[in-house]
Amino acid sequence: MEKDKINYETSESVSQKYKKRSQLAEIWHNFKKNKGAVIGLILLVTIIVVAIIANSTIDYNKIIKHDVTLRLKSPSLEHPFGTDQYGRDIYLRILYGARYSLSIGFAAVFVSLAIGGVLGIIAGYYGGSIENIIMRICDVFSSIPSLLLAISVSTAFGAGTFVLMFSVGLVSVPAFARVARASVMTVVDSEFIEAARAAGATKSRIMFTHILPNSFAPIIVQATMRVGSAITMASSLSFLGLGIPAPAPEWGGILSESRSFIRDYSYMTLFPGLAIVITVLSINLIGDGLRDAMDPKLKR
Amino acid sequence: MANLIEVKNLKKYFNTSRGMLQAVDDISFNIEEGKTLGVVGESGCGKSTTGRSILRLIEPTSGEVNFDGHDLLKLNESELRKARKDMQIIFQDPFSSLDPRKTINQIISEPIIIHKLITNKKEREKRVLELMETVGLAERLINTYPHELDGGRRQRIGIARALSVSPKFIVCDEPVSALDVSIQAQILNLLKKLQENLNLTYMFITHDLSVVNHFSDHIAVMYLGKIVEIAPAEELFTHPLHPYTEALLSAIPVPSLGVKKECIILKGEVTSPINMPEECRFANRCKYVQEECKTHTPQLREISTNHFVACKYPLQN
Amino acid sequence: MKDKNIILNIENLVVYYETENGIIKAVNGIDLKLKKKKSIGLVGETGAGKTTTALAMLRLIPDPPGVIKSGVIELDGENILNKNIKELERIRGKDISMIFQDPMTALNPVFTVGEQIAESILLHENVSKSEADKRAREMLEMVGISGYRVNDYPHQFSGGMKQRVVIAIALACHTKLLIADEPTTALDVTIQAQVLELMNDLKEKYETSLLMITHDLGIVAKVCDEVAVMYAGRIVEKGTLEEIFNKTKHPYTEGLFNSLPNIKDRKAMLKPIRGLMPDPANLPVGCTFSPRCLYSTDKCREKKPFPRWISETHMVECTAYDDPLFHIERGEK
Chain A
1 MEKDKINYET SESVSQKYKK RSQLAEIWHN FKKNKGAVIG LILLVTIIVV
51 AIIANSTIDY NKIIKHDVTL RLKSPSLEHP FGTDQYGRDI YLRILYGARY
101 SLSIGFAAVF VSLAIGGVLG IIAGYYGGSI ENIIMRICDV FSSIPSLLLA
151 ISVSTAFGAG TFVLMFSVGL VSVPAFARVA RASVMTVVDS EFIEAARAAG
201 ATKSRIMFTH ILPNSFAPII VQATMRVGSA ITMASSLSFL GLGIPAPAPE
251 WGGILSESRS FIRDYSYMTL FPGLAIVITV LSINLIGDGL RDAMDPKLKR
Chain B
1 MANLIEVKNL KKYFNTSRGM LQAVDDISFN IEEGKTLGVV GESGCGKSTT
51 GRSILRLIEP TSGEVNFDGH DLLKLNESEL RKARKDMQII FQDPFSSLDP
101 RKTINQIISE PIIIHKLITN KKEREKRVLE LMETVGLAER LINTYPHELD
151 GGRRQRIGIA RALSVSPKFI VCDEPVSALD VSIQAQILNL LKKLQENLNL
201 TYMFITHDLS VVNHFSDHIA VMYLGKIVEI APAEELFTHP LHPYTEALLS
251 AIPVPSLGVK KECIILKGEV TSPINMPEEC RFANRCKYVQ EECKTHTPQL
301 REISTNHFVA CKYPLQN
Chain C
1 MKDKNIILNI ENLVVYYETE NGIIKAVNGI DLKLKKKKSI GLVGETGAGK
51 TTTALAMLRL IPDPPGVIKS GVIELDGENI LNKNIKELER IRGKDISMIF
101 QDPMTALNPV FTVGEQIAES ILLHENVSKS EADKRAREML EMVGISGYRV
151 NDYPHQFSGG MKQRVVIAIA LACHTKLLIA DEPTTALDVT IQAQVLELMN
201 DLKEKYETSL LMITHDLGIV AKVCDEVAVM YAGRIVEKGT LEEIFNKTKH
251 PYTEGLFNSL PNIKDRKAML KPIRGLMPDP ANLPVGCTFS PRCLYSTDKC
301 REKKPFPRWI SETHMVECTA YDDPLFHIER GEK
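Residue numbers (my numbering), protein chains in the order written: chain A, 1 to 300; chain B, 1 to 317; chain C, 1 to 333.
Hints are computed from structural coordinates only; laboratory data are not their basis.
Treat the hints loosely; a few may be bogus.
[Unchecked claim] With the C-beta cut set under 8 Å, the calculated list includes, among others, these residues of chain A facing chain B: (1) Q23; (2) S190; (3) F192; (4) E194; (5) A199; (6) G200; (7) N214.
[Unchecked claim] Every beta carbon over 12 Å from chain C, so not counted as near; a handful from chain B, in silico: (8) E42; (9) R56; (10) E125; (11) K192; (12) N199; (13) D208; (14) N213; (15) S256; (16) Q290; (17) L315.
[Claimed, not checked] Simulated restraints on C-beta separations: (18) D102(C) <-> E79(B): 53 to 61 Å; (19) P65(C) <-> K126(B): 52 to 60 Å; (20) L57(B) <-> H155(C): 23 to 31 Å; (21) Y153(C) <-> D71(B): 54 to 62 Å; (22) H155(C) <-> G127(A): 18 to 26 Å; (23) K126(B) <-> S143(A): 52 to 60 Å.
All residues carry an ideal CB built from backbone N, CA and C; glycine is no exception.
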């Protein structure tokens, strides 16, 4: 058997001497290898940075001000994305509007995670009737078409950013609950959980030290994927007039207002549409990359 | 030597949709302190369930498990958790029995942390290093993750973890089945040495008869939830009394030539362990079967010193 | 000059896996000849390269990252390595079949066992469906399963029976060469005895040659005529059963025998081989076994051993035999 000399007198702890790459660093290392994921990350970071800068530099009043003289101008150097029917610069509006999509997208997913994730973990861990009750309630919610559900919640509680975040988030709660439950169930039957019980661990210790860290991955991947659909849904709601009210330059709202001009002034719908597509795409690329990076079974 | 473990009439039944699965059906045995009981049998015989039931990782349906004088089955949850310090388990699969997100240091120290044996972090690390040295793991591996190591090393981690709380009794559930032959030998030698140095008591569960012979003082042969024969190891191999034991022994492929051994090929398959009727469970495959065997479930009885067999017509020499 | 009697001829086979973490040298030049109707055991531990060799014979190595760098593989005189996919598909399952370790996953759960056996027949022989079904039923009986079960699904069978179905599929087309990769490892020992006996019988009946991959020397003793011992991608010793068991020459082979618990001698501590098999991405210079070998010398560590023929059939690769007086503990002195 191999044996190394052990020196207990070293002042620095042995585990510090042999510090390895942590799990996070390992995931990042794998993530970097996926070109699509890295592109997605760069895109998203750019969009976020743009949103932040836009917020501090662009004057809100300026982009909502109507100016009849500038109406319906095609894209030019002065107005890179052209102007809309009220003479507002579309480029500035889109830049400013990034904050809505991003904040709603992430906040909505946070809501889903918080509610759905917790419900799913409880259902998966305790099983039995608790699991049954939770999952059946989720089934009821998921049988309602998502857009309709979001619309009903929004209508009930009125328009506004927070309501929008909540309603869009609520729509994804069943999906998160299901993923969280499945993830926990896979882990709960593992032998190392049995080993923890054999060592004398309490139920809560097992939950927090063993089950949660091992169930994270699928939940996180699901979360990144859902940001994309949350943004799209928020845009749809705004398009329908239920989201962020005009004149706020939310991308879906811009699309809505440009509807009637699509034939002759297609640039008015092209740019907000592109903005939505690129943002959602970049997030999906990141999600894919994360899923691959977190999967220990994939040979790299 | 006193008995460390006394199991009396242990039963574990599972209520399935197709009926009552009698996984462990009224078994009794003792293990002396510092000795090893080998439990052999093929898949479905209930040996793993027995091991886990004794430790109450699976709750037994009924019976008594006297560990060092106390009946484990009567302890409440917190008393049981404390008792776990004295009885540990080594699992078969070195891949799934370690938390993939924990380092070796964290895995081995977990039982120590749970039982609050060493609260100072540095002291604890010292203990982990001692344990690693004992099981033959290099110091530089202290922060590695299980997936970075091979099966043999992972199994050593499992052993170190079991030893971390200085238990008296360890259930070894097929600890070497998933390992290569040369690694198996290393681990078996290690377990034997540890038993000598630390006066450990083992229950060694395996399907591999050659390994159990090497390792055990007594051997119990299980079939469909019952112990069909139990005897000192050497005695079992030289004078098996139960037809199943005989068949099992003859089925082991011997790695040498010129050994003209009659290989008894058992006909048929194992009967279903659900809703078993009153009969000898081995009757449908036994080459010596008599009429009485199909109507009466034989009980364990002592045929010669310390040699028990559950068969109406045990083999003659 | 092609020997008509050789069913399998492998010469200097080299297989690497080219990954971004380095080149994994799975198989490093092996030679193997198997006569018709004979069986050979390919013995070694995890990582020796046995499964890679078997997959190479069927050209089933995932490419990328696996690459057959060089070598010759001839099945009944025909070179496998320069066949195209269509030709390979014709050969696989008919002239050469493989059964794997895990019977649980080898069978498709949504088809009956009869359909799966018949599928093999229909693929390779020009017969009608009803004829194929009839033969499937016959094969099932041949492996000891009642013909009435031809319409049952895999999940209705136990592990041992599933493996028998797998054998039935493999032999359905009267294959010339059967490769069995640890076929009984997942089975209970009494079922293993049944399956091995079955394989022996069928081997006789269909005159099939057998390449048995295993780490269990006991199985080799039961089923094989010849043995080849693999270590780190090379065959370090090969010969007849008698030569390998009773006239063992290579220290690794000796180590394998010593690692086995001896039924005759209980009390003895086992004599394991110290250390681990080397990382195939990082093989030692010189003899790959030298770091673990009890008899290794400086010469062993520096240069690679070459094949040495002790008899017409017995080969060993060990530099220590440069010294004519050298011998290992086990075997003939």
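To see whether the hints hold, each was checked on the structure:
1. Q23: Holds, because the Cβ-Cβ distance from Q23(A) to chain B comes to roughly 6 Å (cut-off 8 Å).
2. S190: holds (6 Å)
3. F192: With a closest approach of 5 Å, the F192(A) hint holds.
4. E194: E194(A) check passes; min Cβ-Cβ to chain B is 6 Å, inside 8 Å.
5. A199: Because about 4 Å separates A199(A) from the closest Cβ in chain B, which is inside the 8 Å limit, the hint holds.
6. G200: Holds, about 4 Å.
7. N214: holds (6 Å)
8. E42: Violated, since 4 Å does not exceed 12 Å.
9. R56: About 28 Å separates R56(B) from the closest Cβ of chain C, which puts it past 12 Å; holds.
10. E125: holds (26 Å)
11. K192: violated (7 Å)
12. N199: holds (18 Å)
13. D208: With a cut-off of 12 Å, D208(B) comes too close to chain C, as the shortest Cβ separation is near 8 Å.
14. N213: At about 6 Å from chain C, N213(B) fails to clear the 12 Å cut-off, so the statement is violated.
15. S256: violated (6 Å)
16. Q290: holds (21 Å)
17. L315: Correct as stated: the minimum Cβ-Cβ distance to chain C is 17 Å, above 12 Å.
18. D102(C) <-> E79(B): 53 to 61 Å: Since D102(C) and E79(B) have Cβ atoms about 42 Å apart, the given range 53 to 61 Å is violated.
19. P65(C) <-> K126(B): 52 to 60 Å: violated (43 Å)
20. L57(B) <-> H155(C): 23 to 31 Å: holds (28 Å)
21. Y153(C) <-> D71(B): 54 to 62 Å: Between Y153(C) and D71(B), where Cβ atoms are some 46 Å apart, the hint is violated.
22. H155(C) <-> G127(A): 18 to 26 Å: holds (25 Å)
23. K126(B) <-> S143(A): 52 to 60 Å: Between K126(B) and S143(A), where Cβ atoms are some 58 Å apart, the hint holds.
When held up to the earlier numbered hints, the structure conflicts with 8, 11, 13, 14, 15, 18, 19 and 21 and fits the remainder.
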